[in-house]
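Novice: Keeping their order, the protein sequence lines are chains A and B. What the first sequence shows, in the numbering used here, is residues 77 to 402, in sequence order. What the second sequence shows, in the numbering used here, is residues 3 to 297, in sequence order.
The set of hints was computed from the structure by calculation and includes no laboratory data. Yeah, the Cβ is synthetic: ideal placement off N, Cα and C, and Gly gets one too. A hint or two may mislead.
Claimed, not checked - Computed, partial: chain A to chain B, Cβ under 8 Å: (1) L86; (2) I89; (3) L93; (4) F100; (5) F221; (6) L344; (7) G360; (8) A382; (9) L383.
Stated by the list, open to error - In silico negatives: residues of chain A with every beta carbon more than 10 Å from chain B: (10) S79; (11) A119; (12) G154; (13) E169; (14) A175; (15) T191; (16) M228; (17) L235; (18) P239; (19) G242; (20) V274; (21) T295; (22) A337; (23) P352; (24) V374.
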Amino acid sequence: MLSYLVRRLLLLIPFSLGVAFVVFALLHVIPGDPAIVLLGEEATAEALAQVRTNLGLDQPLPVRFGLYLLDLVRLDLGRSIFRNEAVSTVIAERFAATAEVALLATLLSVVVGVTLGVVAAVRRGSIVDVGCMLFAQLGVSMPVFWLGILLMYLFAVRLAVLPSIGRGEPLVDALLAAAMGNPGVLRTSLAHLAMPVVALGLNGAAILSRLVRSSMLETLSADYVRTARAKGLPIRRVVMGHALRNALLPVISVVGLQFGALLGGAVLTEGIFGWPGLGQLAVGAISQRDIPLVQGLVLVFALMFALVNLAVDVLYVVVDPRVRLR
Amino acid sequence: MTALRRLGSNLPLLVGGLIVVAILFIAIFHPWLSPYGPEQMDMRNRLALPSAAHWLGTDNFGRDLWTRLAHGAAISLSIALGSVAVAAAIGTLIGLVCGYHGGWLDLILMRIVDLFLGFPALILAMALVAVLGPGAVNVAIALVAVFWTEFARVVRAAVMAERQRDYVRSALALGASDARVILVHILPNTLGPIVVLATLAIGTAIVAESGLSFLGFGVQPPAPTWGWTLAYGMRFLRSDPWLCTVAGLAIMITVLGFNLLGDGLRDLLDPRGMTRRGEGATPAAGPDSSSGRAS
């Protein structure tokens, strides 16, 4: 297990190099000079030359890539052009906002998706099954940004029970405050979180419920389940004790992928609800051609995605003893 | 008759097919389906609700929403169909080569696929549009970059399964060339999963295109894209939620149509379920549609 982990972690190095190369190549062929973007069309030639030297834009491309890699090894992602702060600092500041939405949305997606999927499979062909699958089909087809807008209209505009945009105190701080006897802070934080989490969570739940249902149907028709039924075990114990565990195996990888994708910033949802996370940061950075920030963000996204995948693989081995490490 | 009966018993295929045909009809014939132009203003009828004169109401300039959404259908569908067709062609070619050849070529190409999958889909597309500049063709190119990997992985898996079969071995024993075995024998047997995946990918591409337009990275206004109409409608969410409602409905119904059609086609063409979302997928390799979703 340990050697497997070490090998997988070592494999991240060529992967990161590849990502760094793609990001670098993509952004250094951008039409438009970052120096002009930064200073405006009326800037003097001297000022532009100064900025180019500061950004290293006057060096040949291979040298720039080499210097970029050298900085990466020192965990230096460069400085954001527009914010004049270290890219790593900017990303770290926003990370918690994205992570708390991603975590809660994944949690909601698993709870709702697994419940609906199991109920639909056990009651196959009934009106409950049809209802669950109708929810799933509509949820899969509904763009999450439209769902967000509908939620906003209902809960923020009509009913006026939830704030339409922004974020409260960070969830961790709010929980601490609640533990210290100040539950109001936590209430505000949760009220802000509610709509983005529900929009993303329901979308994920729709995908999961279809997967859980078909996986569950397959398991329910397996011999060992029939044997358990024949021995006289009540259906509840067969479903919860025997079938569910096996049916959930393929679900793990999809939940991992969903979580990994959400950590990459739910760009549209964050935009609608004015959520100050990585997704909004990325949109701003790309619009402003803030090259170092875009490079840093994409690199961090790709690495997080790879790490989540690794975690899923390890989890597989822990949950299913039949899986052999290669 | 049996074909008809099979169609009747496959409700997703029937309903999805009907929706897709209707949307395609609107997209192709939209100039003749309305007496108004997409930019034509009617200042006396601003932000009107649906009526006999304006079937889906009007926006704040009195522009007819039915006309604008029908034009938007043409934009969305041509980008989605075009990008998925090219992505399917590229992905299929690479999947065929990787699955059949194996070895170092497979190793290198699949690492490139992994690399592409490691980027969040929408951010990759936005970055590409920022580099290439906005416009329908560039948006389509960005979507090709997002979607080809899924085809490569599914086709590769299908080819690896087919390669071991007796009919392939006998064709090779009879002296057929590799190219002939791939094109004449293996490709037709992998078409089912490709068609199913393409149908589902069109739905995802429509959501992605709308998402890009919503953020301002798609085809630029005044083109009445669905995503832009939705983003624009948000300004009137308090007073006139109707705008957002119809624009979103247009996207959802279209995506629903392609998803249902894809599910129905899967029952028909891909009973082994190579393209089932995430199912049977090992964590490291397996077709998945959820990672390409716009969130």
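Novice: The structure should be examined with respect to each hint, and the outcome stated for every one.
Specialist: Hint by hint, here is what the structure shows:
A hinted interface residue such as L86/A counts as satisfied when its beta carbon comes closer than 8 Å to some beta carbon of chain B; here the least separation is about 14 Å, so the hint is violated. Contact between I89/A and chain B, as hinted, is not supported at the beta carbon level, the nearest pair being about 13 Å apart and thus beyond 8 Å. Interface restraint check for L93/A: the shortest CB-CB distance to chain B comes to about 10 Å, outside 8 Å, so the restraint is violated. Checking F100/A against chain B by beta carbon gives a least distance of about 12 Å; that is not within 8 Å, so the hint is violated.
Below 8 Å, beta-carbon pairs count as interface contacts, and F221/A has one with chain B at about 6 Å; its hint therefore holds. At about 5 Å, the closest approach between the beta carbon of L344/A and any beta carbon in chain B falls short of 8 Å, and the interface hint on this residue holds. A cut of 8 Å between beta carbons decides the hint on G360/A: the least distance to chain B is about 11 Å, and the hint is violated. For A382/A, the interface hint holds, since its Cβ comes within 8 Å of a Cβ in chain B; the closest pair sits about 6 Å apart.
With a least beta-carbon distance of about 11 Å to chain B, the hint placing L383/A at the interface is violated under the 8 Å criterion. Once the 10 Å rule is applied to beta carbons, S79/A is consistent with being away from chain B; the minimum gap is 17 Å. Remark: the non-interface label on A119/A is consistent with the geometry, its nearest Cβ contact in chain B lying 22 Å away (cut-off 10 Å). The beta carbon of G154/A is kept farther than 10 Å from every beta carbon of chain B, the shortest such distance being approximately 16 Å.
Once the 10 Å rule is applied to beta carbons, E169/A is consistent with being away from chain B; the minimum gap is 18 Å. For A175/A, the condition that its CB be more than 10 Å from all CB atoms of chain B holds, with the nearest at approximately 15 Å. In this structure T191/A is separated from chain B by more than 10 Å, as the shortest Cβ-Cβ distance comes to about 18 Å. At roughly 7 Å from the closest C-beta of chain B, the C-beta of M228/A falls inside 10 Å, breaking its exclusion from the interface.
With a cut of 10 Å on Cβ distances, L235/A stays outside the contact zone with chain B, its closest approach being about 13 Å. Under the 10 Å C-beta cut-off, the non-interface status given to P239/A relative to chain B holds; the minimum distance is some 15 Å. Interface exclusion of G242/A from chain B stands, the closest Cβ pair being 16 Å apart, more than 10 Å. Distance to chain B confirms V274/A as a non-interface residue, since its nearest Cβ pair spans about 13 Å, more than 10 Å.
Every beta carbon of chain B lies more than 10 Å from that of T295/A, the smallest distance being close to 12 Å; the non-interface claim holds. Listed as outside the interface, A337/A is inconsistent with that label: its C-beta sits roughly 5 Å from the nearest C-beta of chain B, within the 10 Å cut-off. Residue-level check passed: P352/A sits 16 Å from the nearest beta carbon of chain B, beyond 10 Å. Here V374/A does not stay apart from chain B, with its beta-carbon only about 6 Å from theirs, under the 10 Å limit.
Violated hints, listed in ascending order, are 1, 2, 3, 4, 7, 9, 16, 22 and 24; each of the other numbered hints is respected by the structure.
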